[in-house]
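Under this note's numbering, the sequence shown is numbered contiguously, ending at residue 337.
Bear in mind the hints are in silico, worked out from the structure with no lab data behind them.
Heads up, some of the hints might be wrong.
[Stated by the list, open to error] Within a straight-line C-alpha distance of at most 25 Å, the following computed PhoX-like cross-link-like pairs (lysine-lysine) qualify: (1) LYS240 <-> LYS279; (2) LYS309 <-> LYS102; (3) LYS142 <-> LYS240; (4) LYS274 <-> LYS257.
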Amino acid sequence: LLVRYHVVTTMNENGWEQTGRLMAKSFQRNWPEEAGRLIVYAEGFTPDLPGLDVRVRPPWIDEFKAKHGGVPAYNGMRPNGYDYRFDGVKFCHKIGAVTDCGLGLDDGVMIWLDADTYTHAPIDVPWLMGLFPEPSYLAWLDRINAHPECGFVMYRCGHRYHKPFMESLRNLYTSGDIFKLREHHDCLALQNVVITKASSGKIEPPVSLSGDRTWHHPFVNGPLGSRLDHLKGERKKEGRSRDRDFRKRRNEPYWQGKKP
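Input sequences plus hints: build the corresponding full structure.
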């Protein structure tokens with residue numbers, strides 16, 4: 078049975094220059110034919126790389142930013158300075174991309190892939206299928222006593238509750254209810270909808286992709302680390318995850334310092 082994968086991301090021009098172009102090239106080099114073209118919601122620029130599925134953000138994003146963009150508290154400004162956890166305006170782009178793409182799909186698996194990820198080894202369909210066994214609707218990098226790490230999330234688009242889930246996630250922003258949560262970033266938004274839908278039986282408990290759910294950087298400590306790296310934060314400048322990010326050393330060539 079052929080499984081299609083729809084891989085989606087978003088970035089602005091600065092993000093493209095910093096890590097996005099490298100991310101897209103590594104996708105084209107290493108992902109299988111079944112993943113098709115990388116779907117890029119490009120914020121105000123045109124990527125200078127052929128072979129991408131470039132899309133524009135949905136109209137509600139502009140409406141959301143016009144309404145909330147002038148409110149410092151909704152842009153991460155706190156009494157002691159900027160805090161990304163409260164920058165609901167910044168992170169609306171990510172929710173806009175994943176819900177706009179997701180609402181147009183009714184088959185296969187949609188994968189959210191952050192623009193600061195890097196595919197350092199070939200990916201094949203059996204590996205992807207092994208990450209995400211049926212019948213679960215969603216697979217993510219969950220953490221104990223912390224919000225999930227959302228650089229990589231899988232959604233089963235043929236699931237009976239796929240579109241209602243996408244609508245609920247989008248509506249958290251279009252209604253302004255994102256600002257009623259204890260933090261205003263996309264990871265807490267996703268966690269809120271997952272907990273609500275799983276507790277009511279609408280979706281199955283999510284599949285965990287975390288190698289260590291107690292660790293701050295589960296992405297590279299679990300199965301994803303065998304093929305992917307996540308250059309979040311200062312790692313963007315450093316070029317890869319750090320030795321101290323790991324609970325135990327990985328033995329793949331990339332992690333041994335060899336050039337991909």
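Practice task
Please flag the earlier hints that this structure goes against, numbers listed from lowest up.
Solution key: none
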